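Student: Go ahead and model the full structure; you've got the sequences and the hints to work with.
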Amino acid sequence: MSYVRDLGRMAYEPVWRAMQAFTDARTQDTPDEIWLVEHDPVFTLGQAGKPEHVLMPGDIPVIHVDRGGQVTYHGPGQIVAYPLLDLKRLKVGVREYVDRIEQAVIDTLGDWNIVAARRNGAPGVYVNDAKVAALGIRVRRGCTFHGLAFNIAMDLEPFHRINPCGYAGLQVVAMEDLGGPGNLDAVKPRLLEHLAVQFGLRLQPASPELFAAATP
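Residue numbers (the UniProt record's numbering): 1 to 216.
Derived from the structure by calculation, the hints contain no laboratory data. No experiment lies behind these values; they were computed from the predicted model shown. It is possible that part of the hints are untrue.
[What the hints assert, rightly or not] Okay, the calculated beta carbon distance ranges per label pair:
| # | residue 1 | residue 2 | range |
| --- | --- | --- | --- |
| 1 | H64 | A168 | 18 to 24 Å |
| 2 | G142 | M56 | 38 to 44 Å |
| 3 | G93 | P208 | 30 to 36 Å |
| 4 | A130 | L55 | 17 to 23 Å |
| 5 | V197 | D59 | 38 to 44 Å |
| 6 | V115 | V139 | 27 to 33 Å |
We put the beta carbon where it would ideally sit given N, CA and C, even for glycine.
Tutor: Right, dumping it as structure tokens:
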């Protein structure tokens, strides 16, 4: 059995610290979890990120984090999903893990007849060359943290303040603008269903309290 924690709307840093603590504390018997959250506005700069890709942050904070990838934006109207999975136990390699996450997003979009695809060398999910979901992961002792950011119904203006994922002029799009639903609660169960299929998980709701989530 694996657990889902829907954390609602939260600042970025407490969730980041909690998933680090969860990953550090887990043992080979710790059940896998998926956390869902909608973050307050923030730019996060991954380990490959270059400060010059943050063009004009303005009033939005910039946080340097320990995930792969470059700079991205999190904000209201975006589903951020953090799969906290033991890849060794699942017998899944890192590249395959990324492929399966992308496929879950592609299949979720497909539920609304939105055709999406991967792009070679640029992790994430794209619709007509515009990015609808970004990935940034970290694997420690075979266990994943960080995850994916899926644009559902959001103000995309902050993406103009950065070079998203390090690409100048990269177009971004939200699911609502593609004819999909305008609220996160319509999409969350479908995304969870597709993640469960990709990783063979049986998901069960758990307490949304973060400190409970950070305690093994």
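Student: Hints first: check each against the structure and report whether it holds.
Tutor: Hints and how they fare:
1. For the pair H64 and A168, the beta carbons lie near 21 Å from each other, so the given range of 18 to 24 Å is met.
2. Checked against the hint of 38 to 44 Å, the pair G142 and M56 passes, with Cβ atoms roughly 39 Å apart.
3. Taking 30 to 36 Å as the suggested C-beta distance range, the pair G93 and P208 conforms, at roughly 31 Å.
4. A beta carbon spacing of about 19 Å between A130 and L55 agrees with the range 17 to 23 Å that was offered as a hint.
5. Distance hint check: the CB atoms of V197 and D59 are about 40 Å apart, consistent with the given range 38 to 44 Å.
6. At about 30 Å, the CB distance of V115 to V139 agrees with the hint of 27 to 33 Å.
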